[in-house]
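With these hints in hand, go ahead and build the complete structure from the sequences.
Protein chains in written order, with our numbering: chain S, 1 to 305; chain P, 1001 to 1336; chain Z, 2001 to 2317.
One thing to keep in mind: the hints can contain errors.
To be verified - Label-pair distances were calculated between CB atoms; the ranges are:
1. S:Asp66 <-> Z:Ser2199: 38 to 48 Å
2. Z:Arg2047 <-> S:Asn200: 25 to 35 Å
3. S:Leu137 <-> P:Gln1126: 45 to 55 Å
4. S:Pro114 <-> P:Pro1059: 22 to 32 Å
5. S:Lys58 <-> Z:Val2174: 50 to 60 Å
What the hints assert, rightly or not - Below, computed lysine-lysine pairings styled on DSS-like, alpha-carbon distance capped at 25 Å:
6. P:Lys1078 <-> P:Lys1008
7. S:Lys220 <-> P:Lys1060
8. P:Lys1008 <-> P:Lys1026
9. Z:Lys2146 <-> S:Lys7
10. P:Lys1008 <-> P:Lys1061
11. P:Lys1138 <-> P:Lys1122
12. P:Lys1060 <-> P:Lys1026
13. P:Lys1060 <-> P:Lys1078
14. P:Lys1122 <-> S:Lys220
Note that these hints are calculated values from the structure, not bench results. Quick reminder that beta carbons are idealized off the backbone N, C-alpha and C, glycines included.
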Amino acid sequence: MLNFMTKRLFVAALVAFTVSVIAFSLLRLSGDLATMIAGEDASAQDIEIIREQYGLNKPYHLQYLDWLGDGVQGDLGESMFYPEEVTALIKDRLPNTLTLAGLGVLFAMGLAIPMGVIAALRPDSWVDRTALTIAVLGQALPGFWFALMLMFVFGLFLRWLPISGNETLAHFILPAISLGYYSTPAVMRLTRTGMLEVLNSDYIRTAHAKGLPTFVILFKHALRNAIIPVVALSSVQFGNMLGGSVVTETVFQIQGIGHLAWESISRNDFPVVQAVLLLVACFYIVLVLLGDLLNAWLDPRLRVT
Amino acid sequence: MSALLEVKNLSVDIPLAAGMLHPVQKVNFHVDKGETLCIVGESGCGKSLTSLALMNLLPKKAIRAGDGILFDGDDLLKASHREMASLRGNRMGMIFQEPMTSLNPSFTIGNQMEEIMLQHRKVSRQEARDRAVYLLEKVGITGAHRRLGQYPHQLSGGLRQRVMIAMTLMCGPDLIIADEPTTALDVTIQAQILLLLAELQREFDMALILITHDLGIVARVADRVAVMYAGQVVEQGTVEQVFEQPLHPYTRGLLTCIPIPGKTKRGTHLGSIPGMVPSMIGGIQGCHFRDRCPHAFSDCLSNSVELRSIDEQRAYRCLLSPEESARQAAAMEAAQ
Amino acid sequence: MPPSDTKVAGKGLGSLPDDDDRGVPSVESVMQPDAFTMFSRRVIGHRSFMVAAIIMITLIIVALFAPVLAPHDPLGQDLDRRLMPPVWNEAGSWTHPLGTDMMGRDYLSRLIYGARVSLIIGFSAMMISGVLGTVMGVCAGYFGGKVDMVITFLLTTRLTLPVIMVALALVAVVGGSLNTVILVLGFLLWDRFTVVMRSATMQIRNLDYIRAANAIGCSTRRIIFSEIMPNVLGSLLVIATFEIAHSILLEAALSFLGLGVQPPTPSWGLMVSEGKDYMLFDPYLVMLPGFAIFLLVLAINLLGDGARDILAPENRN
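Structure (structure tokens):
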């Protein structure tokens, strides 16, 4: 187990390293940085000075090492648009995205797990078919359009909820639904198949033979086992939502890192883009590892002594 | 003696795409208090489904019917879900074939043993825990205290089956149904577990229905035997009667297939029963065993063969009279 | 009772406890109509597959014959006829059955041409990612060892990258156009192909007959093409449909965010984006293109689901 975890951590570190190289290359691909920083009508001499100042005359691998070295110490460079450090910008925006993605995962699990359980209890009934239909329809919904529809119905038409900004928790409800809904089909299907499999298992028959009440059998003996893969999936989905927040945050004007990424991409503010990219990827790596750990914690068979 | 469990014309039907399957057809038997009944038969003869039907644990699509399953006077066929649940694990327990998968992998042995007692008795967790330790020691598990905190995957198959047995004993049931409890285990452990079960049955004075195809074990532990073939009981009686003087050709065939300690003579040629079990989809006319029976004659095809009682204990399902059956068998043996 | 009936009983009992039917011969092959008849029956009997196929065929025809079917030039602006409502509205007219947008362009014509954009992007991106992913998956599965390690690592890295952010950034660097979007999506969405092809190839590679083929000296390439490919074609087809759907959704999102297909090209995602400012008074500007994406993706997904059922009916749950 320890050996296995060490290997996993090593691979995770290697992946993070590769992603950082990709993020770095993206910045260099975007054009001559010195020219960008200096502005369009800067003289060749000014550009040369800036090149010198920012270390842009060094070979790429040294530039990368500089960036990485600073990055590890929390300095991810400066934004070309905002008069702020990238780190400060991200620190400012990250809580909004985490709130959004967290609520999104809560919504997805809160909707999908009960639906999956009910669908598994009555396979082929109308409940099951309705749940599967919702899953199939959900997978075909374009996220941004669904967000606009929610905005239209609940914000503009019914006027129940605010449609843009991130001042109060109410501002996060519609965005969380639109972000979370995209994960419901996967979570629901996994819960359903897991429950179906578990309900047909020998130990559920044993539980019946012990004369336990139905709800104990369902919620203690069955759900506990069926939920294990769902927890890991939810962790990964949380990571996906951080990436997916670009669309949702842009539609609902939430000042999170997704919106920041979109703004920065549109403005060619690549120091910010590469930092956000690296951050989201690192979150994903950590969340996948966390999912595995949660799995091991929930499933005694994986908790090898 | 009063019967603890009396099964009257129990049938199980399962609707399939290909037609109605009748894996259990009008089965009758009874078990007295504190006695061991062995139900014997090959795979697919309906013995497992019969045992699940008693506990009302059949697969969802299976249909159970009959004139009654009287447990201590109450008809289990008429029992509500709640009444059934209060009997299961409490007054009647069941041990399954697959110890590897019959325990929940996510909970400790202790948790799974205690919950059955907490469910049916007004006891504290500590009392339940003490009982669990006591029973784990009873079934021959060393370091019982430590085992309570372990998970099923940390135990071997033999140990898990011992845990299952101990768990079934938690509430001191009147009846235990053991459905081939050792088929999934190593040969060396099989006899240990079965003898343990027989010992506990005597010690706790429970009735035991042991479903098995191991006639050697039957000879050692059973009080009475019911032989099943293709969904029907074809012969029943005390273990002496059935082993000394089998009346049904199938029972006789089974007995020649398997060496039984102290009964099979040295140098005897072990037999086999040729042919296959008939399909149980739709009805079968006549005797179910006729295709494989060495004594079959024209009547076996047309007449439906009923279970004939000879006395209170003994019954068999064959058109031949006991004398005729014995005579033909002797003739065949001589011919070999 | 003829002995050939016995398997039927055994098959049904498979899911029940205890009753194993070892030694009972299989007669499943007897009394079945030929494979093609069975297959067509399964296709026709699959309702959602048939419905999806009809929607899909209609949309493909619409896309192919867009110049014939579209009543107007999708790019033709007419500022006098801006924001005309669809025909079911009182103010609507049959000249523009689905109304016009804020530049006075005929919305029906734009929707029709939009089908082209979506389908072209979906199919082309899938072709690129399919070839890329399949080659990688087959290599990983077939050669194992170091090759597998490297490819698995690439796969892990790819899964770590947030697709939409990377796609946005790449399009921004290279410049948005139909071709860029196709290339970017094609080079990002190969992961599922690789995962499935890798495990399928590994499985088949370990089968006895492949080892036998290897042992009698069949070349590696021949084994891959004659033995592995036909075996995985079914699952490949299913992933391909899902990846088309995935690409279409992503293109729509990219275009919606302004970093995909560039105006004035009629992309459904772009149309939603252009219409969103008018959503309160002219909701059809957002509803129609969004619904078009939804319908197309739904049809493709249902085709994929149906194909999976039809190709491997025993795997249904």
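(request) Any hints from earlier that this structure breaks? Give me their numbers in increasing order, please. (result) Hint 5 is the one this structure does not satisfy, whereas the remaining hints hold.
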